[in-house]
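Engineer: Chain residues, written in single-letter form:
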Amino acid sequence: MENRCGITDTESFFHNQKYLYLDNIYSPNQLVQETVTIFAVKRNIFKFFFLGFETDKNQNTIRQYIQNFQNSVLQEITAVTAENGVDIELSLAEDNTVEDNTAINNKIAIEFFSAEYYTAIGNNGDIIW
Amino acid sequence: MWYKIICNNPYLLDLRILEKLQRRYSALSLADRQYIREIFEQSDIFRYIDNLNLRAKILDTSLNYSIIIPSLKIFFENTKYIKTITDIVKRILSSNSKGTIHQTMFRYYILSENRIFSIQYSENNYIERQTPNLYSFWSVYRQIYLFAIYNFCGLTDCYPLGFICISRAKYSDIFEVWERFRNLISRVGFVFSGSTGARPDRTEFIAIRVFVSCLRSPEFFICNKSKLNKLTVYIVSVFFSMDPRSIPELDSIQI
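Chains V and S, in that order, give the protein sequences.
In this text, residue positions in the first sequence follow our numbering: the first is 1, and each later residue adds one.
In this text, residue positions in the second sequence follow our numbering: the first is 1, and each later residue adds one.
A portion of the hints provided could be inaccurate.
To be verified - To be clear about the criterion: a stretch of chain V counts as covered by chain S if any three or more of its residues have a C-beta under 8 Å from a C-beta of chain S, and this derived list gives those stretches:
| hint | region |
| --- | --- |
| 1 | 11-22 |
| 2 | 26-34 |
| 3 | 44-54 |
No lab work stands behind these hints: they were computed from the structure.
For each residue, glycine too, the CB sits at the ideal point set by N, CA and C.
Using the sequences and the hints given, assemble the complete structure.
Structural biologist: Listed below in structure tokens is the structure:
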């Protein structure tokens, strides 16, 4: 009973090395046995601190972080482009899904650096990059 | 959690009940189920509950509790364990990182453009999955912690209980463990090198990635995006392996 929490003992440590992988941890198949296995104990500890995907409340944190990142990129681009007299139309999707956000980030970055790239050509005829 | 077990009747809980039930894992252990049934039948716990329905309900909840029945002691013991692991993960982050570890790691995470990411399933083997949602970061974040857990005695000065020199002989070389850790970090999509030094900035990664794309624009070249991503990661890692000059050296440069 004592080894059902806290830092692992040596036997459990070497035994669990073979099994402590993501799919094993979050597998829905958990066998009921006579006694609790040492792997089941470690899985229990891990899942206590790292929730399953469906119940992970940090999804909102991730979304918030994406939005903050987008806003910081937008501010940076707006400041730099204004200094260089480059007019870029920037917008964010209303629907903050991850795939949309990632695409938007790439698009902003590409537009930003492409605009700077072409501005450099227009100014002195050379490719700055 | 205990509120759930005692069916929202906190006045029922006492030290004896807690000591009898804590650490039991009735969801997975037949022996623990039998034990809990016995102490209920013998009125070893909850002996003062006259309401048979409530008693049956508490027994049912205890028998079907999905995780190890916790207590504050268990929580603190587990927290000490996770702290050891967290200290390992912190060593791959910049010392001046702001926000939580989760937030910092998200800043350094780059999902490939085709949304394929790796999941480790044995020491040297990975499977690749494609996902349209948040699952990729959720999984790679946990993989980093899992690696730290099953290798923690190779990554820190801490050892499992009962660890002796004979056990040490079974364990891999510390440099080899760190190398595997760095490989995992890179493989699953984080752009920092895994060392304790300076970390590449996400913005710089994007800048280099865009620059590389401009040199071989998809409009004019058939390009393998994953190769460009690997090239970008390589350039970023080379940049960040460079040591900055000291300020006196910069001052000595004459224009």
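Engineer: Are 3 or more residues of the region 44-54 of chain V near chain S, judged by a Cβ distance of less than 8 Å?
Structural biologist: Since three or more residues must qualify, the claim that chain S covers the region 44-54 of chain V holds, with 8 doing so at under 8 Å.
Engineer: Per the coverage rule (Cβ-Cβ under 8 Å, at least three residues), is the region 26-34 of chain V covered by chain S?
Structural biologist: Holds, because 5 residues of the region 26-34 of chain V bring their Cβ atoms closer than 8 Å to Cβ atoms of chain S.
Engineer: Apply the coverage criterion to the region 11-22 of chain V and chain S: a residue qualifies when its Cβ sits closer than 8 Å to a Cβ of the chain, and three qualifying residues are needed.
Structural biologist: Check passed, 10 qualifying residues.
Hint compliance for this structure: every hint is met.
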